[in-house]
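Enquirer: Given next are the chains, with one letter for each unit.
Protein chains: 2
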Amino acid sequence: MKTINIGIIGYGVVGVGVATLLTQKKKLLEARIGAFLTLKTIAVRNISTDRGVELGNTVLVNDAMQLVNDPDIDIIVELIGGDTTAKQFILKALENGKHVVTANKALMAGHGNELVKAARKNQVDLAFEASCGGCMPIIKSLRESLVANDINSMSAILNGTCNYILTKISQDGSLFEDVLKDAQKLGFAEAEPSLDVDGHDTAHKLAILNSLAHGMEINLKDIHVEGIRNITPIDIEFAKSFGYTIKLLAIGKVHGDHVEARVHPTMIPNTNPLSHVEHSMNAIVIDADATGKTMLYGHGAGMMPTASAVLSDIADIARNIISNTARRVPILGYPEDNIKRISILPMDELYTRYYLRFEAQDHPGVLSQISGILGDNHISIKSVHQKGRQSNGKVPVVMITHIAKEERVQTALTQIYATDSVVGDPIVIRIEEDS
Amino acid sequence: MKTINIGIIGYGVVGVGVATLLTQKKKLLEARIGAFLTLKTIAVRNISTDRGVELGNTVLVNDAMQLVNDPDIDIIVELIGGDTTAKQFILKALENGKHVVTANKALMAGHGNELVKAARKNQVDLAFEASCGGCMPIIKSLRESLVANDINSMSAILNGTCNYILTKISQDGSLFEDVLKDAQKLGFAEAEPSLDVDGHDTAHKLAILNSLAHGMEINLKDIHVEGIRNITPIDIEFAKSFGYTIKLLAIGKVHGDHVEARVHPTMIPNTNPLSHVEHSMNAIVIDADATGKTMLYGHGAGMMPTASAVLSDIADIARNIISNTARRVPILGYPEDNIKRISILPMDELYTRYYLRFEAQDHPGVLSQISGILGDNHISIKSVHQKGRQSNGKVPVVMITHIAKEERVQTALTQIYATDSVVGDPIVIRIEEDS
Numbered sequence: 001m002k003t004i005n006i007g008i009i010g011y012g013v014v015g016v017g018v019a020t021l022l023t024q025k026k027k028l029l030e031a032r033i034g035a036f037l038t039l040k041t042i043a044v045r046n047i048s049t050d051r052g053v054e055l056g057n058t059v060l061v062n063d064a065m066q067l068v069n070d071p072d073i074d075i076i077v078e079l080i081g082g083d084t085t086a087k088q089f090i091l092k093a094l095e096n097g098k099h100v101v102t103a104n105k106a107l108m109a110g111h112g113n114e115l116v117k118a119a120r121k122n123q124v125d126l127a128f129e130a131s132c133g134g135c136m137p138i139i140k141s142l143r144e145s146l147v148a149n150d151i152n153s154m155s156a157i158l159n160g161t162c163n164y165i166l167t168k169i170s171q172d173g174s175l176f177e178d179v180l181k182d183a184q185k186l187g188f189a190e191a192e193p194s195l196d197v198d199g200h201d202t203a204h205k206l207a208i209l210n211s212l213a214h215g216m217e218i219n220l221k222d223i224h225v226e227g228i229r230n231i232t233p234i235d236i237e238f239a240k241s242f243g244y245t246i247k248l249l250a251i252g253k254v255h256g257d258h259v260e261a262r263v264h265p266t267m268i269p270n271t272n273p274l275s276h277v278e279h280s281m282n283a284i285v286i287d288a289d290a291t292g293k294t295m296l297y298g299h300g301a302g303m304m305p306t307a308s309a310v311l312s313d314i315a316d317i318a319r320n321i322i323s324n325t326a327r328r329v330p331i332l333g334y335p336e337d338n339i340k341r342i343s344i345l346p347m348d349e350l351y352t353r354y355y356l357r358f359e360a361q362d363h364p365g366v367l368s369q370i371s372g373i374l375g376d377n378h379i380s381i382k383s384v385h386q387k388g389r390q391s392n393g394k395v396p397v398v399m400i401t402h403i404a405k406e407e408r409v410q411t412a413l414t415q416i417y418a419t420d421s422v423v424g425d426p427i428v429i430r431i432e433e434d435s
Numbered sequence: 436m437k438t439i440n441i442g443i444i445g446y447g448v449v450g451v452g453v454a455t456l457l458t459q460k461k462k463l464l465e466a467r468i469g470a471f472l473t474l475k476t477i478a479v480r481n482i483s484t485d486r487g488v489e490l491g492n493t494v495l496v497n498d499a500m501q502l503v504n505d506p507d508i509d510i511i512v513e514l515i516g517g518d519t520t521a522k523q524f525i526l527k528a529l530e531n532g533k534h535v536v537t538a539n540k541a542l543m544a545g546h547g548n549e550l551v552k553a554a555r556k557n558q559v560d561l562a563f564e565a566s567c568g569g570c571m572p573i574i575k576s577l578r579e580s581l582v583a584n585d586i587n588s589m590s591a592i593l594n595g596t597c598n599y600i601l602t603k604i605s606q607d608g609s610l611f612e613d614v615l616k617d618a619q620k621l622g623f624a625e626a627e628p629s630l631d632v633d634g635h636d637t638a639h640k641l642a643i644l645n646s647l648a649h650g651m652e653i654n655l656k657d658i659h660v661e662g663i664r665n666i667t668p669i670d671i672e673f674a675k676s677f678g679y680t681i682k683l684l685a686i687g688k689v690h691g692d693h694v695e696a697r698v699h700p701t702m703i704p705n706t707n708p709l710s711h712v713e714h715s716m717n718a719i720v721i722d723a724d725a726t727g728k729t730m731l732y733g734h735g736a737g738m739m740p741t742a743s744a745v746l747s748d749i750a751d752i753a754r755n756i757i758s759n760t761a762r763r764v765p766i767l768g769y770p771e772d773n774i775k776r777i778s779i780l781p782m783d784e785l786y787t788r789y790y791l792r793f794e795a796q797d798h799p800g801v802l803s804q805i806s807g808i809l810g811d812n813h814i815s816i817k818s819v820h821q822k823g824r825q826s827n828g829k830v831p832v833v834m835i836t837h838i839a840k841e842e843r844v845q846t847a848l849t850q851i852y853a854t855d856s857v858v859g860d861p862i863v864i865r866i867e868e869d870s
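These protein sequence lines map, in sequence, to chains A and B. So the first sequence is numbered by this note's numbering: it starts at 1 and just counts up by one. So the second sequence is numbered by this note's numbering: it starts at 436 and just counts up by one.
One thing to keep in mind: the hints can contain errors.
[Stated by the list, open to error] With a Cα cut of at most 27 Å, we get these calculated BS3-like pairs of lysine-lysine:
#: 1; chain 1: B; residue 1: Lys603; chain 2: B; residue 2: Lys620
#: 2; chain 1: B; residue 1: Lys616; chain 2: A; residue 2: Lys121
#: 3; chain 1: B; residue 1: Lys461; chain 2: A; residue 2: Lys340
#: 4; chain 1: A; residue 1: Lys168; chain 2: A; residue 2: Lys240
#: 5; chain 1: B; residue 1: Lys552; chain 2: A; residue 2: Lys27
#: 6; chain 1: A; residue 1: Lys87; chain 2: A; residue 2: Lys121
Calculated directly from the structure, the hints in this document are not laboratory data.
Whenever a hint applies, use it, and build me the whole structure from the sequences.
Expert: The following block contains the structure:
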C-alpha cells in the first residue's frame, strides 16, 4: 500500500481533532482507502503543550514553512484560521505541488478565487468541506450529488452561536446581551463575538456556497449582512403568535441574471424545516430543479464534527493520489474556465415581505400617520398588531406588509422615524414564506 | 472531450426522468464533468409510445441485451426494477466490462453481494445512490463523507407512501384503509400496496444502508419487518398526548458484535427531528462517533428526484472513466476483502420501551390481571392511561413500559391475550427515546 504523508498547520481544537482521527482511526482509514495515511508533522506555536493525543512518530515543529517545503508531505491541512499567514502557507504549499485541505471560511470567502487559480496553475487539489456547516456534506452535495441540477435557492442556518442565542431568547425570554454573556461563560460564544453575532461568519459561508451552487466567482463584498443584536423577546413573541420563528439565515437565490445573497434575521413559518433547528445545530435547505427541496442538518462546528469533514477531504485527495488523478472534481464545482462573474442583486432591489415594529406614541392619529407614509411609498399592509402598553408609556405596533421593495421600505422607515409618532429605530425583520 | 455512451434499460417514470436530465442538462453536464454524456440507446417494451422527451439521435430498442452487448456503451442504467431479468441484464453488463447504475433496491437488498462480486471480478463500477432515499445523498455520505466515522446508529423514514398515510391519519383522524384508498386514487400509493405498507421496501433500503454503514455483507432476510396496517387514530392520539409521533422507522444500531436491524412503527418524541418529517418526505438521522447526529431530508421517490440521484452516479462513473480509475471508492464503502459477515441481533433479544394498548373488559380486576402478567414477566410499567369507553363497551387501556426485553413482552402479550380480560390482539408500538 502507498503511504500518503500529511502535515497539519495549527494544533488548536480542530487540529487536535484531526490528529485524533488520523491516529485513532488509522486502521479504519487504511481499510477503507487502501493507503497508509501518515501524520508526519504538525506545526504549532507552542510545541511543549501536551494535547493528549498519542502521536507516535509524528514530529511537532514551530515553523509551518518546514511542512510546506517538506518534499515528503503530500497533503497540507491548514487549521490556523485568519487570512494572512494562512494564505501565505497555502499559496506556498500549492506552489510546491502539495494538495491543501483547509477549514478556513474567512480565507476562502475573501481570497478563494486567488487560491483556486493557484491550485489550477500547480495542478493540485484544494478542498474545504469543513469551511461550511461543519460535518454536513454541503460542499460534496453541491459539487457532486446535485451535478445535474440548477440550484434555485438555498437558505441556511450556518452559525451555531447565533442559533444558540436565538433559541435561548425564544425559550427563556431573556435579552440578547444576557444570553450572550451566558453563552460566553459556557464556551458557546467567543470573547470577541462580532464575527458571529454580526453575521460575518455566516456571510463567509454563503459566499462560498453561492459560488459552488451557481458556478460563480466567490463574492463576499456584495453580500448584505445584518446580525442578531437587535432581536428582542418582544419580536420573538410576536413571531410565535403568527406561527413563525426568527432565525439568522443565509439566503442565496437565483434571479434571472443576478443572484440574491443576503444574511439577516428572518421570520420563517413553523412549516419550514429550518424553524425546528435549535441550539447550536446548523442546517441548509437547497431547492434545486430536479431534486426539489432537500435539507442537511448537523453540527456546524466543534472539534470532532469539523475534523470529520477535514478527513472526508483528506480521503478524497488520498484516493486521487492513489489513482493518479488530481483535480478529479473541479474545486468550485465547475471547471475554472466555466466560472462566471455573476453579480449580486443590490439590496435596494429586493422584493420581500416585512415585519415592522415601531415604538409608537400612545395618541390618536399615530397609526394613520405611519400607514399613510407606508401607503405613499407603495407598501401595502397585510395586518396590524398592537399589544398592551410598555412601561415607558409607548405602544409596540407591528405591521406585516405584503411583498414590497426594500428601497421603498427603507425610505418609508426614514420618513416615519422623522415624525414624532415613533421613538427609536423601527425594527425590520424580513419574512421568507417558504425556505 | 471524451464521449461516454450511456444505455438505459427501462423507460418508465425514472427512465424518462434520466433521459430528460441527460438531454435538457447536456450543456451543464458537459461543462461540469468535461465529457460528452451521450444517451445512445434506451431499451423499452413498447417502442412506439411517445414519452415526450426530445431524444435526438438516441435509439429505442425492444431488446435490452442489445444494449448490454453493445461494445460502444460504457454505462448501463438499469431502471426496470424487480430481481429476475434486471439481475440477468446487470450480470451480463458487468461481465461485458460495463459500469452499471441501478435504482433497484429490491435487487440490491436481495442479490447485492453477488452483484458486488461480479463487479469486482470484472473491475467495473456498480452504483446505486437512487436505491435509497431518492435524491438524498445517503450512499455518498456513508461511503465518502463519513469515512473516518464509526456509525453508532441510523434511524430513517424511507418510504414516502407510509409516511404520507401516517401523516394523513394523524391530521384527519381517518382510518388506515380509507387513507390508503385515497392515496391510491391520488397516485401516492400503488394498486398493490403491500411492498410499501407492510414495510418490505423500507427493509430493502435498510439492508443496503446497514451494509454501507458497518462494512458488512448485505443481509435482508434477518431484518425484522412490520408495516403500518394496524396503526389507528386512537394510537396516534395517545402518542400526541404524550408529545410523541408515530413513524415507520428503519432502525440500524451497533450492539457489540451484532447489529440491530428492524423496521416497524415507532413512537418518537417531538424533539426528534424525524417527527417533523411529513407527507411523502424521507429523512435519515445518522449518529456517528465523530460527527454526532446528522440528518438528510428530501424527496425519497418521484421522477426527477430519483433521476437526479442516478445522474450523480453517472457523473461519478464518468469522472472515473475520464481519469481511468474505475472502482475509486469501494462499492459497499469497504474493499470487498474487508467486508465482514456481521449477524443481526434476533428480535427476541431486543431491549426497548413499549407502548401497549389493550381493548379491556370494563370490569374490576382487569388492570390488576394485565399488570400482574407484565410483572411476572419482569416488565415494569412506567405509566397507565385509560380514555373513556368505546362504543363496544370496551375500554382502551394503554401502558408505557420501562425498558424491557422483546421476548418477555411477547410472552406476556400471549398470556394476556389468553385471559378474558382483553378482546382482540394487543397493539404494540416500540418507543425510541431519541433518534
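Enquirer: For each hint, tell me whether it holds in the structure or not.
Expert: How the hints compare with the structure:
1. B:Lys603 - B:Lys620: Holds - the C-alpha atoms of Lys620 of chain B and Lys603 of chain B are around 14 Å apart, at most 27 Å.
2. B:Lys616 - A:Lys121: violated (61 Å)
3. B:Lys461 - A:Lys340: holds (18 Å)
4. A:Lys168 - A:Lys240: holds (14 Å)
5. B:Lys552 - A:Lys27: holds (23 Å)
6. A:Lys87 - A:Lys121: holds (16 Å)
Of the numbered hints stated above, the single one contradicted by the structure is hint 2.
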